[in-house]
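Sequence order for the protein chains is A and B.
Following this note's numbering, the numbering of the first sequence begins with 98 at its first residue and continues without gaps.
Following this note's numbering, the numbering of the second sequence begins with 1042 at its first residue and continues without gaps.
These are calculated hints, taken from the structure and not from any lab test.
Be aware that one or more of the hints could be misleading.
Here are some of the chain A residues that sit facing chain B, going by a computed Cβ distance under 7 Å [what the hints assert, rightly or not]:
id	residue
1	134
2	393
3	496
For lysine-lysine, the following PhoX-like pairs were computed, each having C-alpha atoms within a straight-line distance of at most 25 Å [claimed, not checked]:
id	chain 1	residue 1	chain 2	residue 2
4	B	1212	A	178
5	A	178	B	1087
6	A	129	A	356
Virtual Cβ for every residue (Gly too), placed ideally from N, Cα, C.
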Amino acid sequence: MATLVEKGASGAATWVDDRLGSSNFIKRSLNKVFPDHWSFMLGEIALYSFIVLLLSGTYLTLFFEGSSREVIYNGAYTPLKGIPMSAAYESTLRISFEVRGGLFMRQIHHWAALLFMAAIVVHLMRVFFTGAFRKPRELNWLIGVGLLVLGIVEGFAGYSLPDDLLSGTGLRIAYSIALSVPVLGTWVSFLVFGGEYPGGSIIERLYPIHILLVPGIILALITFHMMLIWYQKHTQFAGPGRTENNVVGSKIYPAYAAKAGGFFFLVFAVMAALGGLAQINPIWLYGPYDPSQVSAGSQPDWYVGFLDGSTRLMPNWELRTLGHTFSPNVLIPTQVLPGVLFGLLALYPFIEAKLTGDRAYHNLLDRPRDKPVRTGLGVMSITFYLILLVAGGNDIIASIFHLSINEITYTLRAALFIVPPLAYLATKRLCISLQQADVHLLHHGVESGTIRRLPSGEFVEETVPLPSQYSVLLATTPERKELIAHAHTEDSEPKAVAAKPRGFFRPRGGVVEPPPDHKELERTVD
Amino acid sequence: MTSTRSRISGYAVVVLALALVGGLYTAFAAPKPKADTGTNQSIAVKEGRQLYLQGCSTCHGLSNQGGAGGPSLIGVGASAVVFQVESGRMPLASAAAQAPRKAVKYDRTQIDQLAAYVQSLGGGPTLPSGPLDDGNLALGGDLFRTNCSSCHNFAGAGGALTRAKYAPALKPADARVIWAAMQSGPENMPRFSDNQLTPDEKKAITTYVRFITNQNKDPGGAALGHYGPIPEGLVVFLVGIGVLIIVTLWIGARA
Chain A
98 MATLVEKGAS GAATWVDDRL GSSNFIKRSL NKVFPDHWSF MLGEIALYSF IVLLLSGTYL
158 TLFFEGSSRE VIYNGAYTPL KGIPMSAAYE STLRISFEVR GGLFMRQIHH WAALLFMAAI
218 VVHLMRVFFT GAFRKPRELN WLIGVGLLVL GIVEGFAGYS LPDDLLSGTG LRIAYSIALS
278 VPVLGTWVSF LVFGGEYPGG SIIERLYPIH ILLVPGIILA LITFHMMLIW YQKHTQFAGP
338 GRTENNVVGS KIYPAYAAKA GGFFFLVFAV MAALGGLAQI NPIWLYGPYD PSQVSAGSQP
398 DWYVGFLDGS TRLMPNWELR TLGHTFSPNV LIPTQVLPGV LFGLLALYPF IEAKLTGDRA
458 YHNLLDRPRD KPVRTGLGVM SITFYLILLV AGGNDIIASI FHLSINEITY TLRAALFIVP
518 PLAYLATKRL CISLQQADVH LLHHGVESGT IRRLPSGEFV EETVPLPSQY SVLLATTPER
578 KELIAHAHTE DSEPKAVAAK PRGFFRPRGG VVEPPPDHKE LERTVD
Chain B
1042 MTSTRSRISG YAVVVLALAL VGGLYTAFAA PKPKADTGTN QSIAVKEGRQ LYLQGCSTCH
1102 GLSNQGGAGG PSLIGVGASA VVFQVESGRM PLASAAAQAP RKAVKYDRTQ IDQLAAYVQS
1162 LGGGPTLPSG PLDDGNLALG GDLFRTNCSS CHNFAGAGGA LTRAKYAPAL KPADARVIWA
1222 AMQSGPENMP RFSDNQLTPD EKKAITTYVR FITNQNKDPG GAALGHYGPI PEGLVVFLVG
1282 IGVLIIVTLW IGARA
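Make the full structure from the sequences, and use the hints.
So this is what it looks like as structure tokens:
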């Protein structure tokens, strides 16, 4: 029996191979090596969420009607019976209450969207803090930033489609943001909305953007993102046997494929659990959109929250001159600020290369503590972002903790300028301390807990040298070698040396590694 | 001379006429409420006055004149008493930005007595008799979203106002308290007179509020406090990303 199956399979494979010559490609692909580290799986969460988004989204398109045509509700949810609403909202209610599995699909779709964005951000942090964006991977960094921005756009379009009260409130704000563009604002907003708000055609326009255009671009960019990882090989942390010129890990087939496949199902399980157990966006409670209504606690989804926060923190500056209204109170927090933030994010690899003069190929990752300035900048940016995010929920915080919303806002305004620089200094200092601790371990070994009394009566503590696999790990980066060399020659406490470790702002004194031969990059040590 | 005298007599006639009308009014009109209300009612007013003197007069004044601690209660009506006392807000425990909900200090009879007493002082809105929450649910929802949700949130979960004041969550409020709040407009809440929201509309709103806060089963699962996207974002990081990072650590450890 088995031989029969094998015979059949090999026959089919030979048939395909004779025509496409694909066996070489497959052999090479299956033998490809992917390094093992938990943090390399964060991007996969985003990929798997996207797959779930495509599948659940397809199901939803079967029942959703992307139209602002007015209908009178006569469906299963009694508290809305007889209320006029758009066909988009009515069909979303139908999906929630009448379509089999509809509410679960809606909820898993929404949770997957939130998880997709969260995973992108966590993955971005991993890539940033380990320096994985350095040459030759700047292009993939740019694609990643593009995916982040497109994810926000796609998410916002999806948030707007059900045409419930929350959707409409969000679109109203989007309209105001378009309106705040100097000179062009009125034209831009009319162009986007097809007239004075709400315009009557925004749902019809957002629908193809949400289900076809943006997901198509995202899919293409994800493909390109992964092809580049494939071609350039994945980065790895330094360790025994791991160099700039090889990749140590498990082969795609079977080990990595099994792991990634299993991980997909675990990610899927988390999304399914959330979609089944935690209610998200109960549109029937928000009610149909009506421009005269706004609910307290109207918030965007979390990935737009930082812009809501920046708007809440912005002083209400408005200027009326020459018969025109200029609105820096809207323009600065919703357009200038994200423009600067995403611009800096996209250009960061080039800025860092310029400032350090480091033009070398990097296939080995940095430990965050080894680049105190970069790590400090990263934590500073995260702090800045988090303060904006918290400000976006100032009303909820005030409501839950019985605080004054005014004082929360004043405090966060000050914190936005004071806390991030402090976070930078603290992180940088912490990184230096961690380096010192590493050097101390290398120099003095591990405390054994044994105290020995010398004949003179003095007590000394015995230390055990660090096991070799750890000492190799700790002593790999050039900065570290330098520190260790210093510590040994001066034979003093490493504190004096480590107090001024090399951040990336100072070039490494002519140590430019030759670019490795691409063909030799992938020597498996498995 | 004669003209002066006739002028004085003219004033005298006016003064006399005023005194006569005033005297007649006090003689016939003033006891009228007493004549209208039966003995039960007057007992309730009497009992209510005793309760008032013990529990309320420290701040509102021995003769309802109001003071530094609290406003005069003349003309606020029985509805205000029902709202404030039946939700436990009064008697006030301490001065704060806003009177918080507390355990109720009086039983239903005592509250009715207090309400009767305050009503006897100078009238004001009173609760209608009969059921208060059998109105049109859909109409109530629409009116709730227009008039109430901008402070109390789309699901009645409450929301923040300026300077630590707040629109409270509506779940603990029963139909009487909701109705009394609309009629009396307590604290920062606007008053919705019967001209702004007719009794039928008030009934619809009360019905809807009771529905979303107490009967709604949340078909999607855990409600996350009905606070909207903020708790959803927290859950996706704390539960979603949190669990999945533990999973990556587990898979990574098995490399």
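The hints, checked one at a time:
1. 134: Because about 6 Å separates residue 134 of chain A from the closest Cβ in chain B, which is inside the 7 Å limit, the hint holds.
2. 393: holds, 3 Å
3. 496: Because about 4 Å separates residue 496 of chain A from the closest Cβ in chain B, which is inside the 7 Å limit, the hint holds.
4. B:1212 / A:178: holds, 23 Å
5. A:178 / B:1087: violated, 48 Å
6. A:129 / A:356: OK: residue 129 of chain A and residue 356 of chain A at ~15 Å, within 25 Å.
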